[in-house]
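Asker: Quick mapping for you: the protein sequence lines, in order, are chains A and U. Using this note's numbering, the final residue of the first sequence is 277, and nothing's skipped along the way. Using this note's numbering, the final residue of the second sequence is 345, and nothing's skipped along the way.
Since the hints were made in silico from the structure, they are not lab data. In this text, all values refer to a predicted model and were calculated from it rather than measured experimentally. Wrong hints could be hidden among the right ones.
As the list claims (entries may be wrong) - Negatives, chain A to chain U, calculated, CB over 12 Å: (1) TRP27; (2) PHE91; (3) THR107; (4) VAL132; (5) PHE157.
To be verified - Heads up, simulated SDA-like pairs for lysine to any residue below, C-alpha to C-alpha not over 25 Å straight-line: (6) LYS162/A / LYS3/U; (7) LYS240/U / LEU20/A; (8) LYS162/A / LEU24/U; (9) LYS3/U / LEU20/A.
The C-beta atom is built at its ideal place from N, Cα and C for all residues, glycine as well.
As a plain string of letters, each chain reads:
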Amino acid sequence: MAIPSRTPGYLPSALRVFDLSVGEMLWSRRTIFMGLIVGAPVLIAIVLRLLDTLGLPVFQVNGMQVAGPTVFGMMIWFFYLRFTIPVLGVFYGTSLIADEVEDKTITYLFTRPVPKGAVLLGKYLAYMACTVFVVLPSVVIVYLCVVPMRGSLGGSFLDLLKDLTLLVIGLAVYGAVFAVIGARFKRPLLVGLIFIFGWEQVALAFPGYLKRFTVAYYLQALVPHAMPNDNIVSLIQSFFRENPTLPEALFWLFAIMLGFLWIAAVSVERKEYVLEQ
Amino acid sequence: MTKRTRYFMAVSAGIMVVGLGSGLVAFYGGGFPSLSASRSGPSELSYVPADSAVVAFANVREVMDSQLRQRIKQAFPDERGQKEFQERTGIDIERDIDYIVAAMTTPGAGGLKSNPNGLVVARGRFNVTQLETLAREHGGVVEEYKGKRLVKGSDGNGDRAHSVALAFLEPGLVGIGSEAAIKSAIDAQLTAHSITANNEMMELITGFEAGNAWAVGRFDAIVGQANLPVEVTSRIPPIKTFAVMTHIDGGLSGTLRAETRDDPSAENLRQVVQGLLALGRMSNDPKATALLNSLQLSGSGRTVSLAFSVPSEVFDLLPGIRKEMGGGRLPEQLPKELKQLHESK
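In isolation and in its complexed conformation, chain A is listed as follows:
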C-alpha cells in the first residue's frame, strides 16, 4: 500500500531552505565584500577612539568639539543608512535566485516537493540572518567606541535601539525590493544599482509625489538623528524634504516589504528559468 506523501507546509519548507542557505550565503565571497563594507566604520571608530584617547583633536569641526553621540549619528547616516544597507540589499537581494540560476543548482531546489515561493522566502530569511548578524554587531562596536567620547552610553542607548531597528527594517525592505528585481530582470545587479544610486537620489531631490516611490523616503523618516547635508544632492533634497509621519512611514515600509516579497514569490512560482548551456 503506497503511503500518501505529504509535502511540507509553506513555512516549514522555507525554514528548511533557510537552514540550507544560510551557511552557503554566510561563507560565500559576497560576505568578504560585506565584511569590508561593515568593517570600515568599525576600523574608523577604533582609530578615532585611539586618537582621541591620545589627546588629538579628532572631533573638531570649525573649531568646535563635536560630541561622540553626534559623530555616531553621522556614521549611522553616512556609512550605514545611505550606503551599507542599500548596497547589501542590492548585492544579496538580487542574487537570491540569480545565484542558483547562474550555478545551475536551481533545478535541485525546484525538484523538491516544496513550493517555489517557499524557496525564495527561505533564501530571503537566510539573507536577513546573514546581514543582521554582520551589520548589527558592527553598529554596536561603533556605538561602544564612539559614543563615550564627550557623551554617555546611557544617554544614547535609546538612539542605538532606534538605529538598530531602523537598519533591520531597511535591510528587510531593500532585500524584498531587490528580490523582485532579482527574480524578474535579466541583469538584476545593474538594475538594482541604478535604483538606489539613480532613481532614489533623483526622486528625493524633486518636489512632489515621486519621492513616495522610493524606500529611502520612508526610511529617512525613522532616523532619530539630525540628517546632515553631506553633498549638494542631499542639500537639494533637504529643501524639498517632507517627512512622512512615523506611523505612515512604518505602514508603507511594511507594505512594501510584504508586497514585494509576495510579488517575488509569485514571480518565482510562475517563471520558467532556462539554464544556459
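Given chain A, put chain U in place with the hints provided.
Answerer: Just chain U, lined up with the frame of chain A:
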C-alpha cells in the same frame, strides 16, 4: 546549518548582547563615567543635576589673582557683598575657594521665583567645624542626607521653606543653594544622572578648556527668570542655547555663542548684531569705539558667535580707576582714539 555558522552567529549575538547590555546598564544605572574618554569640564559636574538649564564655571583663584581683578580691587576697595557672604557662611571668596561650578535648574515646587533651585558647588579649603558653628549661630539646623552633612538655614524671616542650605559634599567641596537644589545635586552624584549624561549640555561645555570662566545653558531659562514684559520677550530672537567663555587676566577676552532654532533666525540675529555694532561705531565715542573694535562677529548655520577682547588699557578709562591712577600719563600702548579723548579733556 553547519557548526561554523552556528559559532559565527553565537559570537555575533554575544557582541550584541554585550553592547546592548552595557547600554542598558548605563541607561538605567546612570552611565560609566570611567569609560568616558577625554571628558570635558571639571569633575564637580557630577553634582550638577541632568535637568539643569544653565551651568557655569569660574576659576575663582585665577580670576582673583588676575591683574584686572587687582586693578578693580584697588579702584573699588569696598567689597560689601563679599564681606556679607563671609559673615553668613564663613567662606572667604578671596582665599578659600579655588573654583566653583554653578547651576540653575528649572523652578520646581520647592524653588523660589527669584532663585529657582540655584546651586553653587565650590572646591577649596574649608574649615568644616567653623562653618557648621557659624551656621548654627545663624539658626541653622544640621542634618544628614544620604551620607552627606547638610546645614539648613533660613532666609532671614525664619522661613525654612525657602531656606539656603550648605552641604559638605566631599573633603574640600561644599555645595550652597536651596535645599531642593542641594539634595538634587547629591542625588545626581550618587545615581550618576548628572549633567554629564545630558548630551546637549555637554556638547556646549566641550571646547571651553581655555577660559577661566564659562556659562552655558538654555536661553529660554534665562528669559523666563528675567520676568521681562511680553512686548520684550516677543521680540527676542528664537535662541535655543547660549555659551559664554571668558578669560580674565590683564584684560578680558572671550566668546559668546548662541544657537538659534533655524538658519534664518541665526542670519537675522547676525544682521541685528552687525547693525548694533555699526550703530555703536557711529556714536563717535572713543570709549565705545575701542570696545566695539574688539568685537568680532562670526558664525554659520544656526550659530552666531561674538568674540571680544577688551585690553586692560580700556579699563583705565573707568572713572574710578583713572582717579586711582592719579590721572597721570597714559600708557604708550593706548589706542589713538583713547589718547584723543584724554587730550580733549
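Asker: It remains to establish, for every hint, whether it holds in the given structure.
Answerer: Verification of the supplied hints:
no.: 1; hint: TRP27; verdict: violated, 7 Å
no.: 2; hint: PHE91; verdict: holds, 19 Å
no.: 3; hint: THR107; verdict: holds, 23 Å
no.: 4; hint: VAL132; verdict: violated, 8 Å
no.: 5; hint: PHE157; verdict: violated, 4 Å
no.: 6; hint: LYS162/A / LYS3/U; verdict: violated, 32 Å
no.: 7; hint: LYS240/U / LEU20/A; verdict: violated, 56 Å
no.: 8; hint: LYS162/A / LEU24/U; verdict: holds, 14 Å
no.: 9; hint: LYS3/U / LEU20/A; verdict: holds, 13 Å
Of the numbered hints given earlier, the model fails hints 1, 4, 5, 6 and 7; all others are met.
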